[in-house]
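J.: Each protein sequence line maps, in turn, to chains H and X.
Here the first sequence is numbered in my numbering, starting from 1 and rising by one per residue.
Here the second sequence is numbered in my numbering, starting from 97 and rising by one per residue.
Hint data in this document are derived by calculation from the structure and do not stem from the laboratory.
Cβ coordinates follow ideal geometry from the N, Cα and C atoms, glycine included.
Honestly, I wouldn't trust all of these hints.
Stretch-level coverage of chain H by chain X, calculated; a stretch enters the list once three of its residues show a Cβ under 8 Å from a Cβ in chain X [said to hold, decoys possible]:
1) 3-10
2) 24-31
3) 35-42
4) 70-82
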Amino acid sequence: MTDLVLMLAVFVLSFIIGYFLISRVPPLLHTPLMSMANAISAVVILGAVLLFTVKANFLVKVLGSIAIIAATFNMVGGFVITERMLKMFKKKTKST
Amino acid sequence: MNWMHFLLDILIILILIIGIWHFRTPRGARVGNLTAAFALLCAFLLMLMRNNILEPETVIISLFIGTVIGWIVAIKVNMNQLPSMVAFQNGAGGMAAFIVSFVELTRGGASLTTTSKVAGLLGLIVGSITFSASMVASGKLANKLRQTPTTFPAHRWILGLNLLIVVVLSILSWTSGNLFNAGYLLVLISLSVAMGIIFSMRIGGADMPVMISFLNAATGLTAALCGMIIKNRLLIACGTTVAASGSILTHVMCKAMNRNFFKLFFGIQQKISTKYSDRASQNVEQPNLVEKSSSETGLPTGESKKSKDLAEMAPVMNSAEKIIIIPGYGMALAHAQFKVCELATKFEELGKDVKFAIHPVAGRMPGHMNVVLAEADIEYDKLYEMDDINPEFKDTDLVLIIGACDVVNSAAISVEGTPISGMPILMAHEAKRVIVCNLNEKPGYSGVENPLYTNDKAILFLGDAKKTVSQLVEMLG
Numbered sequence: 001m002t003d004l005v006l007m008l009a010v011f012v013l014s015f016i017i018g019y020f021l022i023s024r025v026p027p028l029l030h031t032p033l034m035s036m037a038n039a040i041s042a043v044v045i046l047g048a049v050l051l052f053t054v055k056a057n058f059l060v061k062v063l064g065s066i067a068i069i070a071a072t073f074n075m076v077g078g079f080v081i082t083e084r085m086l087k088m089f090k091k092k093t094k095s096t
Numbered sequence: 097m098n099w100m101h102f103l104l105d106i107l108i109i110l111i112l113i114i115g116i117w118h119f120r121t122p123r124g125a126r127v128g129n130l131t132a133a134f135a136l137l138c139a140f141l142l143m144l145m146r147n148n149i150l151e152p153e154t155v156i157i158s159l160f161i162g163t164v165i166g167w168i169v170a171i172k173v174n175m176n177q178l179p180s181m182v183a184f185q186n187g188a189g190g191m192a193a194f195i196v197s198f199v200e201l202t203r204g205g206a207s208l209t210t211t212s213k214v215a216g217l218l219g220l221i222v223g224s225i226t227f228s229a230s231m232v233a234s235g236k237l238a239n240k241l242r243q244t245p246t247t248f249p250a251h252r253w254i255l256g257l258n259l260l261i262v263v264v265l266s267i268l269s270w271t272s273g274n275l276f277n278a279g280y281l282l283v284l285i286s287l288s289v290a291m292g293i294i295f296s297m298r299i300g301g302a303d304m305p306v307m308i309s310f311l312n313a314a315t316g317l318t319a320a321l322c323g324m325i326i327k328n329r330l331l332i333a334c335g336t337t338v339a340a341s342g343s344i345l346t347h348v349m350c351k352a353m354n355r356n357f358f359k360l361f362f363g364i365q366q367k368i369s370t371k372y373s374d375r376a377s378q379n380v381e382q383p384n385l386v387e388k389s390s391s392e393t394g395l396p397t398g399e400s401k402k403s404k405d406l407a408e409m410a411p412v413m414n415s416a417e418k419i420i421i422i423p424g425y426g427m428a429l430a431h432a433q434f435k436v437c438e439l440a441t442k443f444e445e446l447g448k449d450v451k452f453a454i455h456p457v458a459g460r461m462p463g464h465m466n467v468v469l470a471e472a473d474i475e476y477d478k479l480y481e482m483d484d485i486n487p488e489f490k491d492t493d494l495v496l497i498i499g500a501c502d503v504v505n506s507a508a509i510s511v512e513g514t515p516i517s518g519m520p521i522l523m524a525h526e527a528k529r530v531i532v533c534n535l536n537e538k539p540g541y542s543g544v545e546n547p548l549y550t551n552d553k554a555i556l557f558l559g560d561a562k563k564t565v566s567q568l569v570e571m572l573g
């Protein structure tokens, strides 16, 4: 039961903190923000790799590999694309 | 030992928070993005240290393949394909999540706690829905599928029935002890995948920003659920943060379109006749503008529109001092952003004041226009948000609309009962003159005719935005 309480606490706290942090992001950066959030959601890769901590049959190995590949694709791709996007944002401080 | 684990987890979450905290300025955001990536790397390494991986070769090879494909695709992808790519990556994450749920459920069997079972079942269902819905969205955004909504007869009921079957099956599997039966779970996955497709096929066009933010939130939720199955705090925390981010964006997008989230996704629409739009332009807008055009802009009102159009554009542009450019999805579609940048630069060389007005839902992603304009090297301090720039339209000499329609449709604020009524718009119609560089005179995605097109101070310059904007550049100076 303590497990459940602790997990719910983490869930609720993260949501609240996330909410406050993200409401401060200006609309200018909404696309990169979404792209980065997308990359973070690939954290499910932890779950995918943990499938290999127990003795696995062939099918589980195949499924596990697919899950790892998909999650890594999401994570690496997400961070790289976000970086590409953010690199484009420029500001020339011209005297007007 | 245990508190050590706990502290390390907290530390990683703090690093992630610092990363997101940096997302307030574009320059800070780059640091933030790297910080978040670093946080995930730490989480990954920590997981490797804490657990004994039985088949390191398989894991390493899979990681390598995923990294290489992810990297190459992200480097190669054209910026125009960005919305589609984001949706595709999101789908990949959803897939990983439902596979993890599936394996954990079938393998864990009765040894799983109730929490893990519930989380596993939910993760399986939500993950499958996110996966298929993201793929459909990606296909639509890449123009591989029809962009317009595809609707079955009684679409809502089919979706509802599908959901009902999924819920009943889940309960049945629970009570009959079939929860860990692979075949049973596969049926659930298939049904959920079908649900994702049915759900997403009727969302299209301008509703995409809402859809894509929502899917983002859903993947985050699935990741958090996966974390609950395997009792991993880091997974829960990271997943939930993403869910929060996606929820906020969904909310912001809905608000910017004055759409109700549930009505949008479950297809509840009021029946509206198309005649209101005619009334909009005649009864509400026209008297108003005859008055304005004669008193304020001093235009001859009875003049036929065509005669003045093209010849007038050059003098209007050259004499304007204060200019606002409103980009829309049409500009991105025509890849006209570079030409628009050229035009803006030329305006500035002639000593004119140029600003860009960005509507929150212009484009196909939240903030899409900002990225498209950034690609063309337009400095971001020239991009203005709707609320900041709306008071300025009154004193603006010229508004250039490039590939935008619904976001400047004054029917939204002047006519009741249209699909866009109540949606906040950019007040282009308040400017002294307006040049519309759209592909055609057809209404935007909402289907509501734009009174601006028949407005006397508006000049319609129709055609491919790349060509029309180049012509505008030539007319200057």
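J.: Against each hint, give a clear statement of whether it holds in the structure.
T.: Here's how the hints hold up against the structure:
no., hint, verdict
1, 3-10, "holds (count 5)"
2, 24-31, "holds (count 8)"
3, 35-42, "holds (count 8)"
4, 70-82, "holds (count 13)"
Consistency note: the structure conflicts with none of the earlier hints.
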